[in-house]
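> Residue numbers (our numbering), protein chains in the order written: chain S, 254 to 476; chain B, 254 to 476; chain Y, 254 to 476; chain P, 254 to 476.
Check before you lean on any hint, since a few could be wrong.
Identical copies go unnamed one by one, so any copy, or any two together, can satisfy a pair.
In the DSBU-like style, the derived pairs of lysine-lysine whose C-alpha atoms are separated by at most 30 Å in a straight line are [claimed, not checked]:
no., residue 1, residue 2
1, K300, K415
2, K372, K390
3, K350, K415
4, K299, K390
5, K390, K415
6, K420, K372
7, K390, K300
8, K270, K415
The hints are simulated quantities; they were obtained by calculation from the structure and are not laboratory data.
4 protein chains.
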Amino acid sequence: MIVITGASSGLGAALAKCYAQDNEALFLNGRNAQRLDRVAHQIQSKKPIQAHVANLSVPNEIKGLFDALPQAPKMLLHCAGSGLFGPIAEQDPNEIKQLIDNNVTACILVLQEAIKRYKNKPLTLVVVMSSAAQTAKANESTYCAVKWAVKGLISALRLELKSSPIKIIAVYPGGMNTDFWPTSGKALDTSSFMQADEVAYMLKQALISSDNGYISDISIDRG
Amino acid sequence: MIVITGASSGLGAALAKCYAQDNEALFLNGRNAQRLDRVAHQIQSKKPIQAHVANLSVPNEIKGLFDALPQAPKMLLHCAGSGLFGPIAEQDPNEIKQLIDNNVTACILVLQEAIKRYKNKPLTLVVVMSSAAQTAKANESTYCAVKWAVKGLISALRLELKSSPIKIIAVYPGGMNTDFWPTSGKALDTSSFMQADEVAYMLKQALISSDNGYISDISIDRG
Amino acid sequence: MIVITGASSGLGAALAKCYAQDNEALFLNGRNAQRLDRVAHQIQSKKPIQAHVANLSVPNEIKGLFDALPQAPKMLLHCAGSGLFGPIAEQDPNEIKQLIDNNVTACILVLQEAIKRYKNKPLTLVVVMSSAAQTAKANESTYCAVKWAVKGLISALRLELKSSPIKIIAVYPGGMNTDFWPTSGKALDTSSFMQADEVAYMLKQALISSDNGYISDISIDRG
Amino acid sequence: MIVITGASSGLGAALAKCYAQDNEALFLNGRNAQRLDRVAHQIQSKKPIQAHVANLSVPNEIKGLFDALPQAPKMLLHCAGSGLFGPIAEQDPNEIKQLIDNNVTACILVLQEAIKRYKNKPLTLVVVMSSAAQTAKANESTYCAVKWAVKGLISALRLELKSSPIKIIAVYPGGMNTDFWPTSGKALDTSSFMQADEVAYMLKQALISSDNGYISDISIDRG
């Protein structure tokens, strides 16, 4: 079974469709029940598709999510996150706190709970960040902050988990043509950006392992 | 005038003493009124030393702090922060949230308010991080996360502020022999670590600018 | 047509076999004629397999190689390189110079010639480095130096080539069980390392592009 | 005694003047005898100033240089280096090889010889790179390559030398108004760049150590 967070839109939803085509059992998480249900119902699969609403910055809701899993997943794709852009002086402090909750707090708490429960299992944790985790950009200061946080978290966890069968895979996609932009306050013509479906397809293809190795870091760029 | 956050202990307190010896007017911030007052009273100076208690993860308290400044500061030394260590599975979610508030939220909001108010002034913003912002370490996953966040923030803000006279200086100190360790849950023999006074002295010496340049990034290591 | 440098052994040879199975026309380069021929003859393909010996740190030999190409390639996989390990004080200066020639000079000159000739063509340049390009390791100082050089080169070239259809893909494989180790002076039990065939297979799968994007950076780790 | 490489011009010459004012005994190295002598004669000092011509990419000349030292130095400032700029397609392969020799080979061989001879001495090795070692820039691809190489070398050597009293200090200066630019083929108005004297002064001030620590990394930027 594969768990996908942030599955109610964007890359998370596209990955859900992609993996359903392979007839994988899916456990989808999102914050918005209506949108999550819509995604779950669009998916055609011979295997069960479960949807579970949870706010991932609330520890109890994360526990609820993991308690609801029918079995230990083989992969968890953490796609949940949100954006916030523009000059720092113009950003609303409450929106900044929301950005931190959605991207830093949620990711730490999700990985923590997965590691607590499955430390001795061959679980693959795929963490979707952004090219902004690798390259600083003007007018993306707070977004860079939350994405670099996740990169630092993963870098340290890989050292901590050296003797665990858990693998952490870091994914850095460039800009996609999704709802992400209008909801994060950046007016952009994103028509030449990558489609979420394209990125989902490339990512699924690149998530490869062999007997003695695996692809651990993947950047996906426009161009 | 120089503003120092996190001045009630550790490197912030040591920097306050250091700059007072140069007879700089100081504006000290801390979360704990009693400890902040004790530091303020220990300092000998011919110039005014003001102490202002504020929780830097609360937007209104940050506004209060900046409103209380008698003039535009020439330098702001952001030393406030806290630690949290150990395997991620053993960390308390509420302490993780506190760690994020103290290190990510506070730093973003302090820099935001300074930039809002002084964008056209030759203000020097000195942001004290940690060697953990540069090197990932096992059992420091959440601490690395919050410190990498600050590094990402600064990297992007430098691009955003290219045409502003504000300078941002990044400081990466290694382990010091301070209260930081006992309060962050890491039992360590820190007797061979750097003393806060040593680091404060080196940092003050290294914060140099000339007509056409300045020292922008400073790492201070044990050894 | 696909050009593969360093095709006479290791990952280069394994990639040659991999792409031959897809019936791609191949143009293989190596320094050692005998070993390169052996690889070329082992490969089964319906398409032409050409072998061309050249020392890639000699500008004229690189020109010769590109002059010999029957057409503009769609992809160039630069796998050529060598290793050198151990405490720096014990390394032979002539072997260090060889290491620099094989890894820095050769890579710069190959990319330079490709860019000179095909700047306006949709060429994909795949540059195979090492996990040592990302993480410093004790007793790998000179090897890290030459691999970080290539990473710096690529990072700058991507900016320079922003308006060119050329794509540069960075590949960072971890340790493989190949001839690389015995020839680079490091006595290691590499039996649990990745096989070159495994890495070649994963890399080929991950070299994906879509209408609006492509996978630009790929790390492949043991585990 | 302090050894300074690349002392015949630019930052190396400026550092020589700076340290002479502190009455430090100096041992200056350069490639050009005439220019090196001119610098040595301009310097006023009560302590001996020796000048030694050597090409640092030639192992025997490096041995000659270290053999000529009258005693173990306390500090070695490695300033030698050269630049090469412009689109990669327009660079001359022989000039690229010169660039690699001057910056990668020379630095490796100098550090190697110093470590061979003084592994158990409290020697401070100061390696001057460039801001191009930290940030990739278009049309500086080969220059970035050689500077990133040095950064990788230092990062690995620090791990290798953990139990040695040798310290390696990394210095990243931004653009200076020196002969460097005209000789590296980049036509620039550098009148607002930092003067070598300014950078030398700031660097000397920042090269601070205390009982338990030292400043290990220093970036110096324009602005």
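> The structure should be examined with respect to each hint, and the outcome stated for every one.
Status of each hint after checking the structure:
1. Neither within a single protomer nor between protomers do K300 and K415 lie at most 30 Å apart by alpha-carbon distance, with minima of 33 Å and 44 Å respectively.
2. In this assembly of identical chains, K372 and K390 lie within 30 Å of each other by CA distance solely across copies; the values are 19 Å between and 36 Å within a copy.
3. In this assembly of identical chains, the alpha carbons of K350 and K415 lie at most 30 Å apart only when taken from different copies (26 Å versus 32 Å within one copy).
4. Taking identical chains as interchangeable, the C-alpha atoms of K299 and K390 are never at most 30 Å apart, the minima being 43 Å within one chain and 43 Å between chains.
5. Proximity of K390 to K415 under the C-alpha cut-off of 30 Å is restricted to the inter-copy arrangement: shortest distance 12 Å between copies versus 32 Å within a copy.
6. For the homomeric pair K420 and K372, the shortest alpha-carbon distance inside one copy (10 Å) is at most 30 Å, but the shortest distance between copies (39 Å) is not.
7. Taking the shortest Cα distances, K390 and K300 never come within 30 Å of each other, neither inside one copy (42 Å) nor across copies (40 Å).
8. Taking identical chains as interchangeable, the C-alpha atoms of K270 and K415 are never at most 30 Å apart, the minima being 32 Å within one chain and 33 Å between chains.
Going down the numbered hints, you'll see the structure goes against 1, 4, 7, 8, while the others check out.
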